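Trainee: First to last, the protein sequences are chains A, B and C. Position 625 (the first sequence) corresponds to 625 in this note's numbering; numbering is contiguous. Just remember that this note's numbering sits 1000 ahead of the position in the second sequence, which is counted from 1. Just remember that this note's numbering sits 2000 ahead of the position in the third sequence, which is counted from 1.
Don't read these hints as lab results, they were simulated from the structure. These numbers come from a predicted model, not from an experiment. Be careful, since some hints might not be right.
[As the list claims (entries may be wrong)] Just a sample of chain A residues kept apart from chain B, beta carbon distances all over 10 Å, derived:
(1) Ser54
(2) Ala76
(3) Asp127
(4) Gly189
(5) Lys226
(6) His290
(7) Leu436
(8) Leu675
(9) Thr698
[What the hints assert, rightly or not] Computed list of chain C residues with no C-beta within reach of chain B, every gap over 12 Å:
(10) Pro2018
(11) His2041
(12) Ala2058
(13) Thr2070
(14) His2111
(15) Asn2131
[To be verified] Which chain A residues face chain C? A few, computed with CB under 10 Å, are given here:
(16) Leu21
(17) Val190
(18) Trp311
(19) Pro401
(20) Pro579
(21) Gly581
(22) Ile584
The C-beta atom is built at its ideal place from N, Cα and C for all residues, glycine as well.
Single-letter residue listing:
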Amino acid sequence: MNKQPGQYFGQPLQRLEDQPLVRGQGCFAADISFPYQLHMRVVRSDHAHGRILSIDTSAAAALPGVVAIWTADDVADIPPIDFREGSVEKLAPFRQHILAQGKVRYVGDPVAVVFATDAYLAEDAADLVRVDIEELVPLLSADDAPQEFSPGLLTEATICSQGYGDVEAAFKQAHAIVELDLSIGRHTGVPLETRGAIGRYDAARDVLELHGAAKVPHRNRESLAKMLSRSTTSLHLYEGHVGGGFGVRGEIYPEDVLVLVAALRFNRPVKWIEDRREHLMATNHSRQQHHRIRAAVDANGLLLGIENEVWHDQGAYIRTHGTRIADMTCGILPYPYKVPAYQADLHFRLTNKTPAATYRAPGRYEANFVRERLLDAIAIRLGLSRIEVRRRNLIRQEEMPYEAPLMALGEHIVLDSGDYEGLLDKSLASIKCVELEAEVAARKANGELVGLGLAMFVEKSGLGPTDGARINVDSSGTVEVVTGGASVGQGFETVMAQVCAETLGVAYTKIRVVHGRTDRIEYGIGAHASRATVMTANATREAALLVRKKALTVAAELLQTPEDQLDIANGIVFRPSQPQGPSISLGEIAQRLRPLSPNRGDHIPGLCAEGWFNTDHQVYPYGVFIALARIDPGTGAVIVERIQIAYEIGRAINPMLVKGQIMGGFAQGLGGALLEEFRYDDRGQPLCLTFADYLMPTLLDVPPVEILLCEDAPSPCNPLGIKGAGESGIAAAGAVIASAVEDALGLPGVIRSLPITPHMIKDILRKSSGTPVEMCP
Amino acid sequence: MKAASFQYYAPTSIADVVALMAEHSDAGIRILAGGQSLVPTMAYRLARPAHLIDINRIAGLDQITDHGEFLEIGALVRHEGFAANRLPARLGAILAHIANHIAHRPIRARGTFCGSLAHADPASEWCLVAATLEAELIAESARGVRTISSADYFRGIMSTALEDDEFLTSVRIRRPADDTLFGFFEYSRRHGDFALAASLVSFQLTAGLMQNVRLGLGGVEDYPRRLAEVESLLEGQSPSAAVFTRAGDLAAQHVNPSAADVDYRIELVKTVVERALQHANETT
Amino acid sequence: MKITLTLNGNKHQVDVEPRHTLTDVIRDACGYTGTHLGCEHGVCGACTIIVDGEAIRACLMFAIQADGRTIRTIEGLAQGNTLHPLQEAFVKHHALQCGYCTPGFLMLATHALEKNPDITDAELQDVLSSNLCRCTGYQNILAAVQDARDTMRTPS
Ligand SMILES: Cc1cc2nc3c(=O)[nH]c(=O)nc-3n(C[C@H](O)[C@H](O)[C@H](O)COP(=O)(O)OP(=O)(O)OC[C@H]3O[C@@H](n4cnc5c(N)ncnc54)[C@H](O)[C@@H]3O)c2cc1C
Ligand code: FES
Ligand code: FES
C-alpha cells in the first residue's frame, strides 16, 4: 500500500460540489416542483397520549382548493413502516402506521393529511380539521415503570443484553468498585434544511417517483416497494441536494409513504415540505439514555469488570432502525480499554415523545460519555492521573487485531488496527500538555474556574458487506462514475472523483459522479454510519482499475507498445519513457470502442466497467479529545476555550474534507453537551418547537478545532487503507466537555448528565461548600 | 408555518392609521412595524390578525429627536438606528451598547424601539431602558393623544396599558444630566438571544458618592422595573466592589421570578446587578 | 394584489396575497430558489437577502411590503462566470458542506463587507453569529470571509 499522497489521492482539493451551491443553483427538496402538483399538509396530534374519538374534516373539505383529506381509514391498506434490517417479530407491534390508528402517542403524531392546490391553503384547511381526543396519562420517562402499550404488551419492548466473562467474580475480587448514575439528554441532528418529499406517478411508464430522497435511497426503495406492493423496478428514488442529514434525514417516515400513495391515487404530483415546527416534533429525536454503570478495578486501577444497566427512551414508536442504537451502545462501550468481564442490559422503553433513532455517532456519543466519566471517576478514586488510568487500561498495539466478544451492527467487533497509546502520547505532545497543565494550575490559583478534559474513543465505520460502482468514459473523455452512494453534503462527489482520478489517470474535474438515484444503478448502500467513503470509494477504485486495464489493452494494440510500458495521465495514454511520443486519449479509445465503431475489433463495446468491493468487517478508527473549558461563576456559563481532536483515519483521501467533518461534528457535539435539549412539560407538551428554544451553537459558541490527523494505522481491511471520518468530531465531544467542566469545578463526580446547563452549574456551585477538591491532571 | 389571511393596509399618515384602528379594533387589528416579533407569531399562527396596518410607509417616524429636556424616539426608529447615533455622548454610547445585545444585525435593521415596547417581552432591552430611565409613551387613537408614563405602562407578560385602537407614535426619554454614568449587563444563553436577566443602572458621582441612582432589572419578572430598595442602598455610597455585591444580594431578595427556574434566576439577578454597576463604574 | 420587485436588476410583476412572505414569492413566483428557508421564524438566517441596501430576514417580510423595492439575492452575486470574491473564498476555504446555509451567509457577509470594507475580525464574528450552519462548525466560514475582506481591500 502506497502511503504517499498521489496527485489527487490525499490532496486537499477544492470540492466539485461547490460551484452550483455558492451560486444559489442547488436543487434541494423544496426547489423541486412539478406542473399540476398538490401540496400536502399533515394534521398532527396536540396530545401526547390519547384515544381518537372522532375526526371532523367537513369544514376543511369545504374550502375551495382542497382536493382530499385522509384519515387512518383511508390508508388502512398500507402496512406500518418496517425495520430496514428485516422484520423482528417481537418489535413489530411498536411500528408506526402512516396515520395514527385509534390512539395518538406523541405530540406530532400524524392523524390526518390534507391535499390542496396551494401550500398556504393546505395549512388553512389543516387548521380546520377537528380532532377530538380523549386524553390519557402520558408516560414521559424511561425511568418510570413500564405501562401497557396495547392490550397484553408493555412499553418495555425488549431488553438488549450483551456480555462476556465472569462479572460476578470480577466484582468479588475488586479492590474498589466505582459506580455512577449518568444520563444523556434528548437532542438530535436538526439539519438546516427540513425534510421534504415529492411523489410523482408517471402513468405513461408506470413508474412511481419519490424526489427529495436521501441517505439510503436503494434500501428505502425496497422497503417502500414492499409497503406499496410494487416491483422495485417500477419505483424510483431521486436524491437532489441534501441540506444536511446527520442520520435523521432519509429514513422512511409516514410523509414519504403518504406522498407516494397520494400521487398514485390522484395521478398528480404531491409535494410535502416539512416546516420547522413540525420538524422538531416529527423528525427523529435521539440520544436520551440513562446509565447505571459500575466498574470493578484492582489496586492499580486496572479494570476487572463493568456492569452497565441502561434505560433507553425510545419515544412513541420503533422506527426503521429497530434496536440498533441500543445494541451499539452496549457493544462499543468498553473500547479502547481492555475489560475482562462485561455485562450490559438495556431496557428498551417506549414513551409518549417523538420517536428516537440514529443521530451522528449513534450509541457512541452516549457510550463514550458514560465510559469516559467512569474512567475519570476511577482516576479520582484511586488517586491516579486521568491520563495514567487510561494508559494502563488501553488495548495494546501488539494485541491487534483485537477480537472483542461483542456485537455492533450485527457483526462481531474486531478492532482492526491501531496504536491507542501512541495516539494518546502524540496528542498530549501536540497540545503541550505539561505547559498547558501548568497554565491551568496558575489560572486556578488565581481563582478562575478552568479545567482540562480528556476523552478517548473508538469509532466504527465502513459497514459492509458489498458495494459496487460503474464507470463509463464517453468519447469526449468525460468520466462518469455511477454509484449507489448518497451525498448528505459531506463532499462525496469530490472524494469519489479523487479516487477515480488517481486510479484511472484523469483530471478529477473531468469526472462526474452520480449518486442517490435508483434509476441509474440497481444497488447501493447510501450514506450512513460513515460507510460511504470506505465502501463506495473502494468500489470506485475497483471499477477504475478495470477501465484502466481496458484502456491500456486497447492502447497497447494501437500504439504497438506493451501495456506495462504505458501509463495514463490527464486522460492520455502515453509512454513514460517517451513523453513526446505517440499517445491516445481516453476519449479516442472510447470512440473506438463504440458498438458500431469499425475499429472496435473483438473488444466488448464501451470504455466502461463495473467494480465491486466486499468486506467482512467494519474498520475501527480511534481518537483522543482534549479540551480546555472555563466557567463563569456568575452566570454558570461554560466556555470551551480550546479543543484538540487527534484522529487516526488510516488514510485521508481529502484531508481538507476530513477536517471539515471533524470541525462540524464537534460543533454538533458541543451543542448536545451544552445547549441542545428537547424538553417536555408534565403533560408531554414539547417545549422546544422553535429555534429560540432548541438552541444550536452559533459561531460565537464554537472554538476553533485543533486537529491532529494521523495516518499511522491504515486499515488492513481495504486496499485504500481508509477508515471513515463522518462521526469522529462528535463522538467524544460530550465526554471531553464533561471532563473539562468537572475539572474546572474541582468537584469530582458532579457532572453526571448532558447537557450541562448554566442552571445546573449554578446549582452545583451553590450546593458545594465552596472548597474545591484538587483533581489530579 | 404560513400566516393566516389578513387585510393589508399601508397608510402614509398617522391620521390614516388611527382611523383604520378605530374602524377595525373589534375585528382584530395589528400594527406591523419591524415585523420581527409579529411575523414569527403569525407564522406559528399564534397571532391571526384580520387586519394588518403596515406603518413602514409613513414618513418622518424614523427620527430620534433631541428636544433638550427629552429625546423623542419615533415609531420607525430601528434598533440599528442607535448604532451610530448623534445623541449626548454617554447616553448615546449606552444605547448603542444595549442595541448590540438585541438579536442580530439583520433583525436590528428592521425591528423598532417602539415595537419592542408595544410587544413588551419581559426580556426586551428597550423595555428595560424605558422602565429604568424615565420614559413617556405617546399613544394616539381616534379618541385623541395621551401620554403614559413608563411606571404605569407595563401590566404583565406582554401586556401593557396600550388599548387595541392605540398607535404608539413615539417614546420620550428624559434626558439625563450630562455627567450621568450608565452601566448595563445581561446574560443570555447565546449571543443575541433574549436575556435570562439584564440590568441597567445610572448614577452621577458627586464628590465620589453615587447620586440619583436608578437601577432597573429585566428578563426575570413579568416586566422590567426599577428596584427601589437597591437604589436607596446605593444612594450616597461610594462605588466599590463590596457595595456592588451587597446591591446584587439585596436585588436578589426583592425579586419574584416568573420563570420556572426560580433559584437560578435569583442567582443571575445578583450577577447582572453587580456587573451592571461595575460596568458603570468602569466608564468613569 | 399586483406588486413589482426589482430582483437582481430584473423587474418582476407578480400577483400575491398579502400573507405571502417575500421568500415564498422570490422562490415560487419569481423562480429564484437560491434563497432558502430554514426556520421561517427569523432565527436561522438561511433566508438572508439584501433589500434596499439592508441585509434582512426575508421570511419576516411580506412580499407586499417589498413592492417597488430593490432586492439582491444569491443569484445576483456572481458576474456571469466570474464568482464574487466571497464565493471564491467560500470554495477555497471549504466554508460549505451541504450548502444550505451558504446563500444566507454569503448575502449577510456581502452586506457586511459593503457597509464596512475594513470590518474587524471581532465585528465579523459578531455579524456572522447571526446565522446558523449545522455542518461546518463555522471556522471555515469565518476564515473565508476574512480572506475575502482582505482580497477586496487590496487593490489588485
Ligand atoms: C431571532 C430573534 C431574536 C430576537 N432577540 C431579541 C432580543 O434579544 N431582545 C429584544 O428585545 N428583542 C428581540 N427580538 C425581537 C425584536 O427586537 C423585535 O424587533 C421587537 O420585539 C419588536 O419590534 P418590531 O418593530 O419588529 O415589532 P413588530 O413585530 O412589528 O410588532 C410587535 C408587536 O407590537 C405591535 N406594535 C409594533 N409597533 C407598534 C406601535 N408603534 N404601536 C402599537 N403597536 C405596535 C404589533 O402590532 C405587534 O403586536 C428578536 C427577534 C428575533 C426574530
Ligand atoms: S428562514 Fe428566515 S431566518 Fe430562518
Ligand atoms: S453547510 Fe450545511 S448548514 Fe451550513
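Trainee: Confirm or reject: His2111 (chain C) is not an interface residue toward chain B, with every Cβ-Cβ distance exceeding 12 Å.
Mentor: violated, 8 Å
Trainee: Decide, holds or violated, for the assertion that all CB atoms of chain B are farther than 10 Å from the CB of Lys226 (chain A).
Mentor: Correct as stated: the minimum Cβ-Cβ distance to chain B is 33 Å, above 10 Å.
Trainee: Run the C-beta distances from Ser54 (chain A) to all of chain B and say if the shortest one exceeds 10 Å.
Mentor: holds, 23 Å
Trainee: Against chain C, with CB atoms and a cut of 10 Å, does the hint on Val190 (chain A) hold up?
Mentor: holds, 6 Å
Trainee: Next item in the hint list is Gly581 (chain A). Is there a CB on chain C closer than 10 Å to its CB?
Mentor: violated, 37 Å
Trainee: For Asp127 (chain A), is the shortest CB-to-CB distance to chain B above 10 Å, so the non-interface label stands?
Mentor: The claim breaks: Asp127 (chain A) does not keep its Cβ more than 10 Å from every Cβ of chain B (closest is about 7 Å).
Trainee: So, as I understand it, the hint says Trp311 (chain A) touches chain C; can you test that by seeing if any CB pair is closer than 10 Å?
Mentor: Trp311 (chain A) check fails; min Cβ-Cβ to chain C is 29 Å, beyond 10 Å.
Trainee: For the restraint on Leu21 (chain A), tell me whether the closest CB of chain C is nearer than 10 Å.
Mentor: holds, 3 Å
Trainee: Holds or violated: the hint that Pro401 (chain A) contacts chain C, with Cβ atoms closer than 10 Å.
Mentor: violated, 33 Å
Trainee: Over 10 Å from every CB of chain B: does Leu675 (chain A) meet that, or does the non-interface label fail?
Mentor: At roughly 7 Å from the nearest Cβ of chain B, Leu675 (chain A) sits no farther out than 10 Å, so the non-interface label is violated.
Trainee: At 12 Å, judged by beta carbons, does His2041 (chain C) keep clear of chain B as stated?
Mentor: Per Cβ check, His2041 (chain C) is inside 12 Å of chain B; nearest 4 Å; violated.
Trainee: A cut-off of 10 Å on Cβ-Cβ distance, and Thr698 (chain A) was said to be off the interface with chain B. Does that hold?
Mentor: violated, 6 Å
In summary, the numbered hints that this structure violates are 3, 8, 9, 10, 11, 12, 14, 15, 18, 19, 20, 21, 22.
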